[in-house]
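Asker: Below, each chain spelled out in residue letters.
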Amino acid sequence: MNQTHCRPARHWRSLATVAGGALLLTGLSACGSDNPSADTSHLPCPTGAERVEPKGSPVVIGADIDTTGPGAAFSIPVKEMLELAVKQLNQCGGVAGRPLKMVVGNDETDATKTPTVLRQLADQGSKFLLLQTGVIESGKSTIEKLGIPTIAPTSVSTAIATPPDAAYGYVLANPISDWSQVFCSAFEKTGVSTLALLSDDTPSIASLNGYLLPLLKDCVDIVAEESGKSDASDLNAQVARLKAKKPDAVLVSSVGGSFEILAHNTLFEQLPETQRFSLATIVNQPDTWKLANAGALEGVVGMGSINPENEQTRDLAKLLEVIKGNGYQPTAYEAQAYDSIGLVKAAIERAKSEDATKVNEALESITDFKSSTGAPGYVLGFSTTDHVGSSGLCGIVLQEFDDNNEPTKAWDKFQPTC
Amino acid sequence: MTDVSLWLPALEIGCFFSLLGLSYYLVLVGVGFFNLAIGAYAGVGAVMVSWLVVVQEWSLWPAVALSVATAGLLAVATELLVVKPVQRGSNGSELPALIAVVAVLFALQQLAGLIFGYAALPGQVLISGAGIQVGSATVSTSATLLLAMTLLCFVGLAGWTRLAPTGRALRAVGDNRTAAGMLGIQVSKVRLTAFLISGLVAGVAGILFAHKGGVSSTSGLEWALNGFLAFVIGGVATVWAPLVGGLLLGALHVFIPYYFGGEVLNYALFGIAVVFFVFRPEGLFVRRVRL
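Residue numbers (my numbering), protein chains in the order written: chain A, 1 to 418; chain B, 1 to 291.
Rather than coming from a laboratory, the hints here were simulated on the basis of the structure.
Take these hints with a grain of salt, some might be off.
[Said to hold, decoys possible] Using 16 Å as the maximum straight-line C-alpha spacing, the simulated EDC-like pairs for lysine to aspartate or glutamate come out as follows:
#1 A/K101 - A/E83
#2 A/K243 - A/E269
#3 A/K370 - A/E309
#4 A/K217 - A/E188
#5 A/K413 - A/E144
#6 A/K290 - B/E57
#7 A/K409 - A/E273
#8 A/K229 - B/E263
#9 A/K229 - B/E222
#10 A/K243 - B/D3
#11 A/K324 - A/D39
#12 A/K245 - A/D201
Quick caveat: nothing in here was measured; it's all calculated off a predicted structure.
Make the full structure from the sequences, and use the hints.
Answerer: Given below as structure tokens:
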């Protein structure tokens, strides 16, 4: 009798132990961080800022960052940059003389969790929100209900910044419509009339291609479209099919990571002479460059946003050198994260208040924020009717990879102008 | 179908899936159980080597040795801490243990992300060299090593299960655990051996394959599914069955995208899995019993 009662109990205890262990590990991983142990107690201040210690109660901002989940690879470096930017700000005057405190939540790239995380951040007193997640659109209605100004630092989707329900949402990057203009101009300039496309199979890329390809078809003949699984182990078959169409150029459209590198490794082997283009992901994921075979990325032109001639970019590079080492070149994601903190400061100081409505109005009145992205002199700006910060095509920089598989130079055949 | 540059990756992928299938085979034959955490052992082994070499700047071979050993120990830990207690608690029922090892798979992936980071890392080239020219294609030294190790593992384990006392005990326990126990075979020890060897094989497979497209903490799930499918296609009649299943699956992975486009692959693999589950659940090779 006892045995029949005990066995199910033991069984459930065992299962509960396993499930509990899995949950514990999942939870622990949320605390994981790649923060380097470099000394950040004396960070260089931005040009024009003085080293002054802020005083008083902190201004709290909240950041929903998916440090676990499918978007983690993109978001962890952004989180590190945001934390570094807050540290720098607090060593260089703070926000209106007060320190800035960033509280962080994690929606695990899970659209069902984003609203809850945003509400938790608001409950912790956040006067401003940053939304860095692979499921940005899932936060849109919550942002509107909370009425707190929110920037999505690296989003190329303008969903949270365009009506309806977009009174408090902002994005900084150039919209995808700008990408097609830049690509078309580059194709025209370099004599590309036929293009082959190699994409991963993620919903994000399917959605992006659905918007981008019809625009590209206005300027170029897309002779082949191939796709592979985002975690594919081999793309030889897809590339062989592209090769058969003899395109002038190949565009790799992916969320980056190992798919992007595998694509370029394979294209380099099978189509070494064909010009390759890529979206913004590859130039913004330095950790993936080392996955490429020797020289496999040479000549690849990516849709970047970094120009070392930009004074703000140079300031940012100087800051990042403290933790990344000398000669480090910032990525667009890092620059956009850095600009987000700069915009928080600018808006709150301009509003002279923490009131969300006033801060939102102040943010809408910013028209000339000097950006760390884009060409020298490139600015971000907003208005009551436009919450997309980009002020022109020169926010995009076409970056070319060198023979060390690094995007060290602006492509010399074409650059967009404002 | 005559393009060597397509057959080579097909062979390489096939060998990898075969080794994973062999891992499944060992646990199924020895324990009578599908250990879906095998993909995680391969993933942890591969990502650990890369992390030790790239991030921690270890020498290659100590990193490989430690990572393979870790994969084996993880498999042993799965048996001691999860499968055995859950099976005992559920009166030998398969489903709770199966669910538990799926939890182990995800837990190990999360743990790998926590320790080794979430970014993809480059797979390590164990032996560098110019490679061998075959027609218009070059067989890299990494591919050659994977092919050689696959052959070695299958020949070695075929000989072991047929000739060595522990190998024969493994088959006996798999055939009838109770009878094997009554014959004096130490069932627990045999089960542990099956888990250990399957973990080692999976670890080696992951490390040898990672050079193709890099490895991340989440690689294990996809690998677990493909290894399982290779095992399902081949069957359990002979130790060589996962090799055939894996090679066939590798060819499908390359030639389906080539002839029908990459977007068709998932649907085609799903269809093939359904066909085998419904019409040929025992796989291509059927064990023949003389009456």
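Asker: Now tell me, hint by hint, if it's right for this structure.
Answerer: A quick look at each hint next to the structure:
1. A/K101 - A/E83: holds (9 Å)
2. A/K243 - A/E269: Satisfied, since the Cα-Cα distance of roughly 11 Å is no more than 16 Å.
3. A/K370 - A/E309: holds (13 Å)
4. A/K217 - A/E188: Holds, because 13 Å separates the two Cα atoms, which is no more than 16 Å.
5. A/K413 - A/E144: violated (43 Å)
6. A/K290 - B/E57: holds (14 Å)
7. A/K409 - A/E273: Measuring from Cα to Cα gives roughly 20 Å; hence the hint is violated.
8. A/K229 - B/E263: holds (8 Å)
9. A/K229 - B/E222: holds (10 Å)
10. A/K243 - B/D3: At roughly 13 Å apart (the allowed maximum being 16 Å), B/D3 and A/K243 satisfy the hint.
11. A/K324 - A/D39: Roughly 11 Å separates the two Cα atoms, so the pair holds.
12. A/K245 - A/D201: violated (21 Å)
Comparing the model with each numbered hint stated earlier shows that hints 5, 7, 12 do not hold.
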